[in-house]
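Novice: Listed below are the residues making up each chain.
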Amino acid sequence: MAHPTTEHHYAHHFESAEHEFESCKQGMWLFLMQEVLFFSALFVAYAVFRMFFPEAYHQAHHALDWRMGGLNTLILICSSFTMALAVNAAQRGLRERTVWQLAFTLILATGFLVVKYFEYSHKFHVGILPAKYFHVAELIGPGKEFTDPNVPIFFSLYFTLTGLHGLHVLIGMGVIFWILLRAARGEFSPGYYTPVEMVGLYWHFVDLVWIYLFPLLYLIS
Amino acid sequence: MSNHEGSHHHFILPVKTGTFIWITLMVLTVITVWIAQFNFGALNFAIAMLVATIKASLVAMFFMGLKYDKLENRVIFIASLIFFAIFMVLTFSDLAFRGAFRVQQPFFAESGSQPKFANPWKVTPELLAHGKAVFETNCVTCHGAQGKGDGPAGSAFNPRPRNFTEEPGWKNGRKPTQIFATLKNGLGSMPSFASLPLDDRWGVVHYVASLGPNTTVVTDADLKSVGVDPSGAVSAAAKTLPIDFAIERMATGN
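Heads up: the sequence lines are chains A and B, in that order.
First residue of the first sequence? That's 457 in my numbering, and the numbers climb one at a time after it.
First residue of the second sequence? That's 1091 in my numbering, and the numbers climb one at a time after it.
If you are wondering where the hints come from, they were derived from the structure by calculation, not from laboratory data.
Quick caveat: nothing in here was measured; it's all calculated off a predicted structure.
For every residue, glycine included, the Cβ atom is placed at its ideal position computed from N, Cα and C.
Heads up, a few of these hints could be off.
Derived CB-CB ranges, DEER-like [as the list claims (entries may be wrong)]: (1) B/Thr1181 - A/Phe487: 22 to 30 Å; (2) B/Ala1136 - A/Thr616: 42 to 50 Å; (3) B/Phe1187 - A/Arg553: 56 to 64 Å.
As a list, the in silico EDC-like pairs of lysine to aspartate or glutamate whose alpha-carbon atoms are at most 16 Å apart [to be verified]: (4) A/Lys481 - B/Glu1162; (5) B/Lys1106 - B/Glu1226; (6) B/Lys1265 - B/Glu1226; (7) A/Lys572 - A/Asp521; (8) B/Lys1238 - B/Glu1257; (9) B/Lys1160 - A/Glu476; (10) B/Lys1160 - A/Glu478; (11) B/Lys1274 - B/Asp1240; (12) A/Lys579 - A/Glu511; (13) B/Lys1238 - B/Glu1226; (14) B/Lys1160 - B/Asp1310; (15) A/Lys481 - B/Asp1159.
Some residues of chain B that are not near chain A, with every Cβ distance over 12 Å (derived) [stated by the list, open to error]: (16) Ala1146; (17) Ala1150; (18) Asp1159; (19) Asn1163; (20) Ile1166; (21) Thr1181; (22) Glu1226; (23) Phe1247; (24) Pro1249; (25) Gly1276.
Bound-form chain B, shown alone (with noise of 0.2 Å):
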């Protein structure tokens, strides 16, 4: 508390200052986006925010007049940018070790579009081909363009992405079946990818399938052990929509 009555010894920012603060406020923005114009990559978005940070330090010290203000205040306003950048640091370290995190769908998608392809467990030429395509968006990152789990992201994962052009190690098997219980429920590090439509995920499993060096067979008992319905019916766990997708994969990060 207070004890100088009625005393008032407030710092005033002389007009002298406030004048010159204002005038490197408006240099430094002719800076900011003349600076733009030019590339250097990544070191772009630093300079920016370097340049913004410079500004709105001369705005807090000079015109908020925190740089003349008692230690509580300058306490106070520091402290909220500390758990700003808390806030920052622990969100993207959080995603960082997530393994995949990138969203294919978009957010604001129609939903519940129809599926291409009638009863996709049985494969067609067509489905196939389909399945090669969707895989080509989704999986070679990590798996490789030939499936052979050297995609460049690949290498930051250990163990590394599964091989599929070779037989042995699949942790769940290699029936189509099993592989579309990975597809659906991710392992390690691989990501769910349960909410990419029912056709596509089975295009993808017929796909892998024809990667490696043997078929196998699938009866009705497997198709009911991943929750299809071999009659055709499509179970109403199997069908999510992709804001729901997106939304899952990063509440959970799988």
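Same shape as in the complex, but just chain A (with noise of 0.2 Å):
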């Protein structure tokens, strides 16, 4: 490991810079342990009422298009490996390709928006909309009607899963567009880059969550 370029002047509060990183660190896996128990209820959910309305969910993913999913899937992906090149290239303290990588991260991550734009705005027009909005006449093809009547629960929960996970997205695309602005100004160094790291965990947490959101929503058989 190179050694500091430039030195870190690390909270008061701190034995050293070293003990500020780790601190910050464990900070981070904590408050990603929060998000796992917080996503962890609504898949609860998801689990208990796909027991219930098996069928329902059945008809209902018919609605979903997996090629947006899985297309959505790679580009998170993407970014996840773009965002750890990024930490990657922070902790060399390779200024402009720090920031290239995370500009590439901001794009992808705005791509994942735009599609997820496309596949929300459809479903609107056709009636496709949370608990009691929803009203569906006819829809979608031949074969694909919603006989069931608990068709809406699934819905219900893909919005709630969706948009708090479309929500994670767009709270990352600000901390990264944050990092950007600071790894441009050259705040990072060999000595110092916690936020860039920190903001990669967050980032790849935002990643797995719709790696699971993708089978369990779009490839339902």
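Since each chain comes alone in its own frame, lean on the hints to assemble the complex.
Specialist: This is the structure:
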């Protein structure tokens, strides 16, 4: 590991820059633990209702386009990779590369939201809305009618899960943009890259959630 | 606390490893989609979850660097997964021992629908036919198509579901009002159907009563005992909305 080129002035209540980094990282993992538990309630709700209404889930998933979901999975995986490259570049003190990789990550995140926008707007157009706003007369083609009265439950879960995940993507884009600016200003060095690594951890977690959401929502056989 | 004053020896994920993980994740995504085209029954779900878990592990171990991280951070993250598992397992073990948990009413149905039959405690041929239809939607899984207590789900229960074609053994009695009480309150493994519309419940009562050998006489006092005013007014307590039905059933396990 290269030696710090510029000395990072760690906060006074830490023993060392190392101590500050480790504390920050542990805090980040505790936050991510909370995130797992936050999403776990929704996943349990998903599982319970899937057990109650397997037929409703099966009918409802016809309204989701697996190509869109699959494309978004690939986009998020690529963005996770560019994020890992950004962290790698920041750790090695490669300022320009850090900025570029963060920019790629931002572009991919935007791509994810654009795909999501097309998916949502199509659903709103045909009347697939959460809970009591759900009103679909006839839909999406032969053999794909919603005869099961509990189909709206699936879509309520769909909108809650993908909506909260989308919110995480939006927040992620905000913090990525923030560290992109800081990286461009040359605030990071091999001696100090804590924010880049923390944002990286958050972004990978967003990818992690989607890795499960994709098969659970789009690929119901 | 760290005593390594200023010395950084963090693991840096090599670009080569990162690239390998990235390609593996892309390939696994394609595999997930490809394998979903085939029908392996319940195995499809297991395969999809297995592949997702492999992908998630790769992301956590390499991109998030947990493989190289401190033990504490690994413990934190794995603990969150263990709590998730406990959450899931306890919820499902609870649901599995609740007997009938199927909710027939749509969650977001129009509430306050008008009853189709007036004074449904008085049997009419139309109400009897309606009761048969409600019975076939709600009851046959346990009580069987002929009401002999031999439905496919009935074998899971001890004692077995009531055989409606036989006279002896009815715990609450065979009077229509007594059958109504059972429907309203549940009995043993049988859940309460209190929030089916009132006329649906009475239809089922008349139909169930018609399956047995003898018909019984109901008095006004009997009707009052189950909360029905024989003059025709429906008591407020008997009117429950489908959404309450579902929530109550899930919350209380009845």
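Novice: Indicate, hint by hint, whether the structure satisfies it.
Specialist: Evaluation of the provided hints:
Distance hint check for B/Thr1181 and A/Phe487: the Cβ-Cβ separation is about 25 Å, which falls inside the suggested range of 22 to 30 Å. Between B/Ala1136 and A/Thr616 the beta carbons are some 25 Å apart, a value that contradicts the proposed interval 42 to 50 Å. For B/Phe1187 paired with A/Arg553, a C-beta distance near 57 Å keeps the hint of 56 to 64 Å intact. Pair hint A/Lys481 plus B/Glu1162 holds up; C-alpha atoms about 11 Å apart against a cutoff of 16 Å.
Of the supplied pair hints, the one linking B/Lys1106 and B/Glu1226 is violated, its CA atoms being roughly 63 Å apart against a limit of 16 Å. At roughly 21 Å between alpha-carbon atoms, B/Lys1265 and B/Glu1226 are farther apart than 16 Å, so this suggested pair is violated. Between A/Lys572 and A/Asp521 the CA atoms are separated by roughly 11 Å; this keeps the pair inside 16 Å, and the hint holds. For the proposed pair B/Lys1238 and B/Glu1257, the alpha carbon gap of about 12 Å is at most 16 Å, so the pair holds.
Taking the CA atoms of B/Lys1160 and A/Glu476, the gap is near 15 Å; set against the 16 Å cutoff, the hint holds. Among the hinted pairs, B/Lys1160 with A/Glu478 is consistent with the structure: their alpha-carbon atoms are about 9 Å apart, no more than 16 Å. With a C-alpha separation of about 22 Å, the suggested pairing of B/Lys1274 with B/Asp1240 is violated against the 16 Å cut-off. Note on A/Lys579 and A/Glu511: the hinted pairing is violated, with a Cα-Cα distance of about 20 Å set against a maximum of 16 Å.
Taken as a hint, the B/Lys1238 and B/Glu1226 pair is honoured in the structure, with Cα atoms around 13 Å apart against an allowance of 16 Å. With a CA separation close to 76 Å, the supplied pair B/Lys1160 and B/Asp1310 exceeds the 16 Å bound. Taken as a hint, the A/Lys481 and B/Asp1159 pair is honoured in the structure, with Cα atoms around 10 Å apart against an allowance of 16 Å. With a closest Cβ-Cβ approach of about 5 Å to chain A, B/Ala1146 is found to fall inside the 12 Å limit, against its non-interface label.
With a least beta-carbon separation of about 7 Å from chain A, B/Ala1150 fails to lie farther than 12 Å from that chain, contradicting its non-interface assignment. A cut-off of 12 Å between C-beta atoms contradicts the statement that B/Asp1159 is not in contact with chain A; the least separation is 8 Å. A beta-carbon of chain A is positioned within 12 Å of the beta-carbon of B/Asn1163; the least distance is around 5 Å. Residue placement check: B/Ile1166 does not keep its beta carbon more than 12 Å from all beta carbons of chain A (closest about 5 Å).
A beta-carbon of chain A is positioned within 12 Å of the beta-carbon of B/Thr1181; the least distance is around 5 Å. A cut-off of 12 Å between C-beta atoms confirms that B/Glu1226 is not in contact with chain A; the least separation is 17 Å. In this structure B/Phe1247 is separated from chain A by more than 12 Å, as the shortest Cβ-Cβ distance comes to about 19 Å. The Cβ of B/Pro1249 sits about 25 Å from the closest Cβ of chain A, beyond the 12 Å cut-off, so the non-interface label holds.
Every Cβ of chain A is farther than 12 Å from the Cβ of B/Gly1276; the closest lies at roughly 18 Å, confirming the non-interface assignment.
Checked against the numbered hints above, the structure violates hints 2, 5, 6, 11, 12, 14, 16, 17, 18, 19, 20 and 21; every other hint is satisfied.
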